[in-house]
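Two chains, two separate frames, one set of hints: put the complex together.
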Amino acid sequence: MNLDEAIRLRDPTRLPSRRDEDWRWTDLRGLLRTLPEPSQPLPTDAIGPGPFDGLAGEVLIVANGSGPEEIRIGEGETRTLVLRHISRGDGAHTSRLRIDVGPSARLTLLESHEGGGAGLSLLGVDLQLGADSACERLVVADMDPDAVAVVELDARLAAGAGLSQTLLTTGARRQRFETRVRHPGQGAQVRLDGVYVLRERRHADLTSSVRHEGPGGRTDQLARGMVDDQARAVFQGRIIVQEGADGTDARMAHNALILSDRAEVDARPELEIYADDVACAHGATVGALDDEVLFYMRQRGLPEGEARSLLVASFLGEVIDRVGSPEAAERMRSWLQARIGAGD
Amino acid sequence: MVAVKDTVEQVAGLEKYEHGFVTEIEQEFAPKGLDRDTVAFISRKKDEPEWMLAWRLEAFERWSAMESPEWARVSFPPIDYQDATYYAAPKTGNGPASLDEVDPELLKTYEKLGIPLREQEVLAGVTGAPRYAVDAVFDSVSVVTTFKKELAEAGVIFCSMSEAVREHPELVRKYLGTVVPVTDNFFACLNSAVFSDGSFVYVPPGVRCPMELSTYFRINAAGSGQFERTLIIADKGAYVSYLEGCTAPMRDENQLHAAVVELVALEDAEIKYSTVQNWYPGDPETGKGGIYNFVTKRADCRGDRSRVSWTQVETGSAITWKYPSCVLRGRDSVGEFYSIAITNGRQQADTGTKMIHLGEGTRSRIISKGISAGRSSNTYRGLVSAHPKAKGARNFTQCDSLLIGKTCSAHTVPYIEARNGACTFEHEATTTRLSEDQLFYAQQRGLSEEEAVQLLVNGFVRDVLQELPMEFAVEAQKLVAISLEGSVG
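Residue numbers (this note's numbering), protein chains in the order written: chain A, 1 to 344; chain B, 1 to 489.
Next up, chain B with everything else stripped away, as it sits in the complex (with noise of 0.2 Å):
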């Protein structure tokens, strides 16, 4: 039991968010302010080609005449667009052709946070152990993608988004906005007009992706915010496990990170996309600081039999508004979403998915658990539709609540919207609180109450831990149990 031990021990050594810190480097701004010169900035900075650049102005004017949302239950001040700044990079000329050339002040700020960035690091040790390709962003450049040579080996193409741009400009092209069309709504938009970097990953037909790729995102700079984009595609009966996780310091001010991942599995193939999102939470006694959470994130099971699966640990930010969604347009495809959405402290989530059945014999499945203490709210919202063409489409949703403390609150919203007469949808939804005949009988076994709440939190969001990859499915444990620390008594 190497990993309780290890999370224990990791527990009991730890300030209270442990990546707060700022890393000291030399950066790159654009000029403070959003308008059309701002877009124009981002997109030479990023050398890329004339079209990229038409279509973020096109987002960014459909984006002027859009309106922020306010139908999610969270709430904030009004935020101005024109406080910020959209582009941040380290100073480090065109790029690194190789890791000796990256600042070393960013590989420490990597290692202090527990991100293999040298290859041979991941690979000392046992032999077989897991290995993974990392592409690092930092703010609004990816600094070092690994891996790339034996994954090119394979066919897979692992590569930052501005990189995809210049190099493979016919793929992005193909799909870019093809899930999340530019004015999908707001914060897609605003995306759409000043996305900076992210990953890019193409898997060839027939191929299984011989590593987990993972994205690390680091947001840095202060008056920022961070808006990456990513786009996945698996082509004909690929396979490929992607992971995401995200940190940023701690600071008074609310930053904001509206991403755009979208997803593409043609016939037979299948994504596994994981997050285990860690943005600053706040301050949990004032709420003052941390990140906004806006994302959006899709994917489009295009092809027959193609199968995605959405499996998120949502622990940090103040604010997180994001519904991980699967469109099932392909015969049989299969989408899944498996979440933790913890929240703390004054910390605000709005968070669920939907599932969109549009072709015949598609299924998904929905395990949704929330937990809320201190004095956040949680919600889960969701929507599942059959359209009267999705015969056959069968949907099983389980969202399950637990309330720690009596300042917090829970909700479940989910939407059904059932057309046609072949379908089957079945939701059941609970919310409690821990079971003090639980809690009563392990401590009386010799556990303090805080190991108690653990142990028995542990076993409420099992279901979704063991969807997780294994290096992640022991990190995530570790934050569950952080992220509730001083919930208790």
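Bound-form chain A, shown alone (with noise of 0.2 Å):
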């Protein structure tokens, strides 16, 4: 199971299934018989806004997987990138990024994926962080609905470096964000926060996997979301603490509302702990809006659909609370607030 080498081949028994454990929800072989041709060049020229113009002066942009290959940012600067990953035509393609961040610098990667059309794409950042740097990642999906999409992070951090992602997706035909960390401990900190609001027959998947490998690190990770109609959320969150990794501090909180008959939410917040002085916790829940809650507000003189939408938005704001760039937080709570609508 490669889904790189299932895409360079053109193997589709090279695809994961729900055969491998940590794909059981997200099936891809099931889903595609056979692989697209591979993509055709995308010129850059027609493209058109993206959610994150205007805060940062330098673009990058990765069109059907070709792209910059290498960024490096140097000790103790401190940058802010807008980085586009623009996908269009039903074709195949990879690409992989690898972002350097030098000691005691700061990155904001403000992070699109767009379009998508029929294809299947893998789009992948190696992250590298110097000691004591930080970096902020924060990604809105918007993709097509007949895409299918792999984007995978693996991060790892040096002692007293810390990351913070927030991901906003609306999903896609199968879509999974694949996150790994490997964590230093020795003062480093990880918060992984996430939020879908999938509709129709979409399908999203947060991943993500953090390894405590030091002592004293600090895991902290939100994820919420919402599905309606057909759609279908899953949520897999592992976190391992390897021996030695004493005084690690994590938690794990995943929220979901169903609010169809036939959407569907599937979580797994796993705990793989080898140390025993540690203090790891983990929490999910799934369940509909509270019809009390509902009734009050209507009582008030609120319609149904306007108190639903409010208590979706404050529900799934929570998240949005927690990134730390402000213009960037208020461009993805207006995001959001459009994708959950006014109600119906």
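Don't read these hints as lab results, they were simulated from the structure.
Quantities reported herein were computed from a predicted structural model and do not represent experimental measurements.
Here a beta-carbon is modelled for each residue, glycine too, at the ideal position from N, C-alpha and C.
Treat each hint with caution, since some may be false.
What the hints assert, rightly or not - Across the chosen pairs, the derived CB separations fall in these ranges: (1) B:E451 to A:G187: 50 to 60 Å; (2) A:V293 to B:E61: 51 to 61 Å; (3) A:D261 to B:S68: 38 to 48 Å; (4) A:D277 to B:V22: 55 to 65 Å; (5) A:V293 to B:S435: 34 to 44 Å; (6) A:E77 to B:P78: 29 to 39 Å.
Printed below as a string of structure tokens:
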């Protein structure tokens, strides 16, 4: 099972399937009988505006898999980058971008995933964070309903580094965000948040694994989402505390709202602990909107649709409250509000 | 506080594993190895009807084509299924008609294990003392079942599985394999082919079983495995509480225990199933020996408003692979799972439950307390799922793990699948070690470190102990203390 090889060799038998435990809810082999042709190059001059326009001087574009392959942020530098992944057509492509953040540097990465057509894409970022550096990665994914996409982040932190991530997605035909973090402990901090708003027959999968390799690390994770119609959300979070990673403090929460009888939420919050001096906890809830609260709001004169959308917005908005960059948070909040809608 | 005093005395006077003795008794074995002849041999020994043999043989064929599962977080060398004996029984001719005919060695064994086989012994003492009927399974056969007569007066059938196959074939055929299908999994399939004995319980409609039923499983023979099969049916409006206990001698070899337990609860029925599992855990230093406890337990809440509750205290076995589950089919049916799993030494446990919500308004509750010490590994693995028709399904899950020492590990792997908009699932899990403040406080009050740990651990598992029937709760509390012996300092 290897998606990268499957695409390169155009071999559908290498696609991950439900028989692979970590892919049981995001089956690609059952979905794709054949692999599409490689994507055609996409000219970047006719690309419209993106969700983070105007927030950074530098805009990097990865169009149908081609774009920059390496970015370096020098020691002590502070940068904000917009990174747009744009896919069109029904081909298949992969891309891999390496980002090196030097010691004590600060990077705000504003990433978007746009389009997707009816194709298949595997987009990856390798992130190296130097000592005492910090990176906030904010992702907004607005893909076409027929797209199949896997977006990966492999992050490796040095002592004292901080990684914060917030993902917002409306899903696709099948879509997965997979975040893998190697956490050295030693004062390093990780925040991995996510929000999904899924309607129709869309699917989104937020998968993460954080490996605590040294003592005194912190990980904090909050994922929230809503599913409506026949949509399906998947949350898989794994926190591993290796032997010797004492004093680790790791918390994970996933809360989902199901708004339709035919929608589905699957979750697997996992803890794998090999050290005894730790405080690890996870919580997961799945449920509908509280009828009593709705009733109360309607009693106060709010139409039902509006009451519902207010409740959903405040429920999901708590994730945005944790975003560090205020301008980007504002942009994400209005983006999210538009996706939740005013209710019907 | 007699119980507490008792516990302290018990713990003080204990060897590491008190049930590790072997009973020297003349036994009869099936030839070593596993093929169609072995299956036929077991069936013949048990004097089974033709349909039962056919059922076994079909299971054997299916099993031959299956592979041993590898997904659990346990590791063990491949098992050579040809290098074991699948039937071992004390030589007693056609089975004793009364206790007087039972081999005195066997009686002594049970006396040593503290299992009351004589009804008058159970009755001795204060009037109104709780009574419970016992089915004692020694290797592959049931040696005695007590209180059968009194239970029969209430209409309750409580006998060994072999007897049920002969005496109540209609009930066995109707229910056997309907909860755990023959090909459900590798070990269940193996069990279906070679199962030896176990208990059969049928409680007729509207009957509240007049006493606790219990089975005591004992592995004695070397080089053998135990494959018991238990089937409990609570008919409409019936109630039964069933207890199960297990022990085995200390040996250097690993012995396989692959049981299948099926529970069927019809409308308004309630089954309470409690287990205190204390199989030999293997040598704590080297990890040599011990029982492989690969068990399939499942309850089918078939009727509306039926209720099944699993309570387990897992302290023994080298490896535990066990997920007592509830299929909540009936409307408003309820499933509960309360578990304490303790691993010490080099034990490995991968245990949990599945709550499968199929019917409307079904509810379930999972409380799991895992404690790892020594060099052991303890995994909670569970599934809670609601199908599209299970409107109003509710689940509450709490799994807490406690780590004692730096060389053990604890894992939590819950699966949650919600497939409709009207279900509410709540899951929470924590992993911590014993609080140093609390330990310090307890020691300041004059408790030794070991006593302080025991006190805190007892508090940690209290929610589950409370669910156990009285006699078992006391025993379980002792076991918790014993299992953790030597884990401090």
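What are the numbers of the hints that this structure violates, sorted from low to high? Result: hints 1, 4, 6 break, sorted rising.
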